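> Given next are the chains, with one letter for each unit.
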Amino acid sequence: MLDYILRRVLLLVPVFLAVSVIIFLILHLIPGDPVDNLLRVGSNAEARARIEAKYGLDRPLVVQYGIWLANLVQGDLGSSIITRRPVSTMIAQVLPNSLMLGGFALLFSTIFGVIFGVIAATWRDRWPDQMLMGGVLLGSTLPSFWLGLLLILTFSVQLGWFPVSGARGWESLVLPVLTIGLGGMALVARVTRVAMVEAAGRDFVLLLHAKGLSPTHIRLRHVLRHAMIPVVTILALRIGWVLGGAVTVEYVFARPGLGLTLIKALAQHDYPVVQACLLMLAIAVMLGTLLGDILQALMDPRVRSALT
Amino acid sequence: MSLARSLSSVVRALRSPKGGISGAWLVLVVLGAIFAGVLTPFDYDVQDLPGAFVAPSATHWLGTDEFGRDLLTRILYGARTSLSVSSIAIGLSVFTGMVLGAAAGYLGGAFDRAVTIFVDLTWSFPEILVALILVAIIGPGITGTMAAIGVAYLAQFTRLTRAQIMAIRSETYIEAARSVGASGSFILFRHLLPNALAPVLVAAMLATGDAIILEATLGFFGLGAQPPTPSWGAMMSSGSALLFKAPWIIIFPGLAVAVTVIAVNLFGDALIHALDIKTRLREV
Amino acid sequence: MLLSVENLTVRIGKVEPLSGLSFTLDRGEILGLVGESGSGKSLTAMAVTGLLPLIGGRISAGSVVFDGTDLAALPEARLRPYRGKRIALVTQNPMTALDPVQRVGDQVDIMARLHLGMDAKAARARTVDLLNRLRIPESRTVCDAYPHQLSGGMKQRIVIAMALAAEPDLIVADEPTTALDVTVQAQIIHILGELVRERGLALMLITHDMGVVAQVCDRVAVLYAGRLAETREAGPLFARPRHPYTRALIDCIPREGMAPGSLTGIPGLVPSVAQYPAGCRFHPRCLHADAACQQVPEARPQADGGSVSCHHPMEADHG
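Chains as they are written, first to last, in the numbering used here: chain A, 200 to 507; chain B, 42 to 325; chain C, 18 to 336.
Hints are computed from structural coordinates only; laboratory data are not their basis.
Keep in mind that this is a model prediction, so the values were computed, not measured.
A virtual CB, placed ideally from N, CA and C, is assigned to each residue, including glycine.
Keep in mind that the hints are not guaranteed to be accurate.
Only pairs whose alpha carbons sit at most 30 Å apart, straight line, appear in this in silico DSS-like list of lysine-lysine [stated by the list, open to error]: (1) 463/A / 253/A; (2) 31/C / 59/B; (3) 138/C / 102/C; (4) 463/A / 286/B.
Over the 12 Å line for every Cβ pair with chain C, so calculated as not near, a few chain A residues [stated by the list, open to error]: (5) 231; (6) 294; (7) 310; (8) 400.
Taking the hints into account, I'd like the entire structure generated from these sequences.
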């Protein structure tokens, strides 16, 4: 198992490099001189020279990438053009907020998604299923920022239960988690339902019934267990989607985090910050898929044997 | 798939209650977008500051925004932006994806591997992230948004086309065509692509729904169509600061997005049903 | 009589894939239920084990009297105590019969824990004992294996162990050897036969292989297109088949000393449920059919205890 995890981590290295090349290239693909893009308008020649020296901007692109990557590995993400603070400090400040939001949203989506998926699969094609699947369609088609705004309108403006924005205290977490979570829940519920229905049709389920086990036992101990394997796979693949949701929702709720920092930086052309935020999000996506693979191997002995 | 057959599938999809209602809404939105100029007596960009923040009324059915512009008019014009940007972007994406996917599936070898690596790479990243990278490079605006959406969904269509081609390629009638000496491009254009078309087009339909949301999201971030061009996302962006004062500014454009996206999804579902291609979409 | 099936009729939606099936089975007996695929054999197994609702079917007429109780009349909740505990099922394909993500030992243990009230330790001891008796080597290690780590024959033995674990009175084995290698087939059939003799079980062996039937069965019921063609003691049935279809099936068994290529098949195919012909359902494929065969044949009781549903039963020994 440890061997497997190690191998999966090693497999991520080329992916990481490919992504880092793309993110590195952003600076060179945008119109204009990279030096100008790294400086505040009206900076003097001395500052230009400093930046040029630091990033080796007068040298070939490959060397520049090498320098950039070396800095990156050492935790040097450059300095923000606007605030002049080290980007790593900015990221370190907002990352916990984003992680908390993403983590809770994932937890919320998984727990309620699985519960609703099981209910829908159990009463398949009858009213609980139809109602839940209607909700799922809504949940997966409403734009998340709009859902967030509606929640603010209802619970913050009208009812005054939760703060409109910010990241102070657990109250400020409820609506953002709900906004991302409802969409995630819809996805998990849909996948769980399909996987349950598919698993319930397998041969071995017939034999479980023939063994005299109760339908509830069969559904929860065997069918659900099987259904969870594709659910975990999809969740891991879509962990990026939760992060995507986090970007939007942070912006809506003005919640300090990676997403809000990224959108602001994009609007202000603060490229070092943009690069760092995109890189963090990409790493999170990669770690998510890694986690999913490991969980899948833990849940399915067949996957484990295929590894050894 | 012949033209007649595809038309009859669309008709069959429209006959189901789900497809009928959603189809009707889509036609309504498209007509509204086309005739936005004559449907209301207002202009989308003429400001009337004393008439700002008017709640929905008999004159302004959906109210006015912070500059006193009629919201219904702006939503109709917004439909123009949102629908055209998303459908053009998806159209480009489908075309490029089909060319890449067909070439990869048909040629195989190193080209196929390169395409697969690219597809796998973008596939695992959320569309919004891919889109934001593109916007970072190209810059905000309609062109940036189109490119962002187009690239964000490229992986999906490439993958789908490639899978279809691979599946059909080994079927007997292709072998038969090859054995009687049909040329490679003849087989590709006469047999392979037409058969891969139906699932890809339905996937494109469903992706257009997602693209409308993505367009609105980028617009909401202020990275989409720039003022004064009205787009659904941008309208809500300015409205979000006015949540207390004039909630209708965000409610109605959002409703337009939501209902349209739901209609696209329902119609796509009905189409899948009518074409009977559920399994082929699921293979991917 | 342990099991007595009378006029069993099964409906799935609008179709009636099984009509008017009757047979009996007692302890210590092996009944072979024979027929080509699509003849309703597996449905009979599902009906006897009460699993029809799972595939959307139901018993629409007739009775399945097991040890004095008509199972066809019982609601699902009252039926469950019979399943596994008194009537066990061995399914067709051992490759897909076991839960792939649960250790096989646990899958057998649950039977003793559920039906005999044993604790985990006692149940495991019993499982190991059972596996030993089914001649599974290193049974303790096997208990910790997952199904995909075992061979097909081994898996089928696990399924049989599962069936035996709660000491049932009746085992319904639906094509237990079809998916296995020929050598393993013989072993499994031998094991099943032994169990019946040793423990006084009743075994309903469903198969399309007349060779297997000839080896172990005491009595035979031949199904054709959802109806009973003929049922009798195995000896007389093989010696003097009365139904032309039985006769044709027997002729399909390869025998020693046969000229290569002389194996006969039955011309035509079993009709699908939607296309059952009127009258005797075998008549389109029957060499002896005439106008009378347009009528549904009655089941005619025979002097030697069986019954034949044919307008023109074969009299003489054709062997």
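> None of the hints should be skipped; say for each whether it holds.
Going through the hints against the structure:
1. Taking the CA atoms of residue 463/A and residue 253/A, the gap is about 25 Å. The hint holds against a cut of 30 Å.
2. Our distance criterion of 30 Å between C-alpha atoms is met by residue 31/C and residue 59/B, whose separation comes to about 28 Å.
3. For the suggested pair residue 138/C and residue 102/C, the alpha carbons sit about 20 Å apart, so the restraint of at most 30 Å is met.
4. Between residue 463/A and residue 286/B, the direct Cα distance comes to roughly 25 Å. Compliance with the 30 Å bound is thereby established for this hinted pair.
5. Consistency note on residue 231/A: stated as away from chain C, and its beta-carbon is indeed over 12 Å from all of that chain's, at 56 Å minimum.
6. Residue-level check passed: residue 294/A sits 36 Å from the nearest beta carbon of chain C, beyond 12 Å.
7. With a closest Cβ-Cβ approach of about 21 Å to chain C, residue 310/A is found to remain outside the 12 Å limit, as its non-interface label requires.
8. Look at residue 400/A: its CB is around 9 Å from the nearest CB on chain C, not clear of 12 Å, so calling it non-interface is violated.
Violation of the numbered hints given earlier is confined to hint 8; every other hint is satisfied by the structure.
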